[in-house]
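Going line by line, the protein sequences match chains A and B.
Each number in this note's numbering corresponds to the 1-based position in the first sequence with 705 added.
Each number in this note's numbering corresponds to the 1-based position in the second sequence with 705 added.
Quick caveat, the hints were computed from the structure, so don't treat them as lab data.
Note that the structure is predicted; figures quoted are calculated from it, not measured.
It cannot be assumed that every hint is accurate.
Just so you have them, the derived chain A footprint on chain B, three or more residues with Cβ under 8 Å [unchecked claim]: (1) 713-722; (2) 742-753; (3) 801-814; (4) 825-831.
Which chain B residues face chain A? A few, computed with CB under 8 Å, are given here [to be verified]: (5) G771; (6) V781; (7) T794; (8) L796.
No residue lacks a Cβ here, since even glycine has one placed at the ideal position from N, Cα and C.
Number of protein chains: 2
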Amino acid sequence: MYRNDGFRELNRQESLQRLANAPVGRIVHTRDALPAVLPVNFVLEKSGAVLLRTSASSELVRAVDGAVVAFEADEVDAVTHSGWSVVVTGLASVVTDPGEHEQLVRTGPRSWVPWPVEVFVRIAPDLVSGRELVGGRTLYGLDPPT
Amino acid sequence: MYRNDGFRELNRQESLQRLANAPVGRIVHTRDALPAVLPVNFVLEKSGAVLLRTSASSELVRAVDGAVVAFEADEVDAVTHSGWSVVVTGLASVVTDPGEHEQLVRTGPRSWVPWPVEVFVRIAPDLVSGRELVGGRTLYGLDPPT
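All chains should be modelled from the sequences, with the hints used to inform the complete structure.
Below is the structure:
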């Protein structure tokens with residue numbers, strides 16, 4: 706959360722509720738020492754962890770496995786100047802337990818593109834933050850903070 | 706761009722055309738040594754640079770001024786499994802020239818929330834990349850790359 710920017714802060718529960726209903730989010734990470742971002746579909750686990758399914762040989766997996774990443778989803782209406790954004794920040798790791806992997810093949814998110822060998826990547830919900838803007842005016846009042 | 710992930714690569718011109726029509730993008734940066742991301746409205750300049758308008762006192766400005774950031778916009782349809790994503794990566798800097806600032810007050814992007822003191826942040830289009838997915842199948846063929 707950035708403070709004093711005219712947005713209402715969403716608490717953890719509100720944030721996770723928004724995230725659970727979002728079809729797509731973006732994984733924000735570092736690649737070759739540069740900021741990088743990639744839209745992906747996902748499933749939100751009960752713990753608040755974000756679960757992705759992707760190709761085992763993808764560069765994304767190599768870039769994020771074992772790294773702290775941010776995962777963002779939002780819904781913004783440019784006409785009414787309203788919307789929300791939620792960010793989960795935490796350690797990303799490939800699911801390596803064979804039993805858990807097998808279960809996720811049945812219950813986890815589906816890839817939009819089929820891959821010969823797929824893996825699941827889980828992002829731990831160490832930090833969860835959210836913000837909301839309603840009609841270009843903060844819910845805390847009509848005047849922007851100074 | 707991540708290679709071999711089933712998406713079609715958009716060239717620089719295609720990427721900037723998509724970006725020019727997007728109402729909102731996300732500025733991807735580092736904050737307190739953690740990956741961070743924030744949706745913002747913007748204007749795409751003819752050069753391909755991304756221009757934002759925000760509060761001079763915002764934490765965002767302090768976090769990105771003088772840093773290399775990524776700016777992403779996308780449009781994804783979860784039903785048809787299609788969409789695109791464009792990323793501009795480059796140095797972000799606050800516009801400090803008074804004459805240019807004055808001109809941008811008239812011609813630049815509008816803030817959705819009014820601020821007492823506003824600044825413009827420009828992201829240089831050092832790297833421009835884009836990707837497209839059509840119906841869950843790569844445009845290069847029906848089989849995913851191995």
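Against the structure, the hints:
1. 713-722: violated (count 0)
2. 742-753: It holds: at least three residues are needed, and the stretch 742-753 of chain B offers 4 whose Cβ sits within less than 8 Å of chain A.
3. 801-814: violated (count 0)
4. 825-831: Since three or more residues must qualify, the claim that chain A covers the stretch 825-831 of chain B is violated, with 0 doing so at under 8 Å.
5. G771: 14 Å, violated
6. V781: 5 Å, holds
7. T794: 6 Å, holds
8. L796: 11 Å, violated
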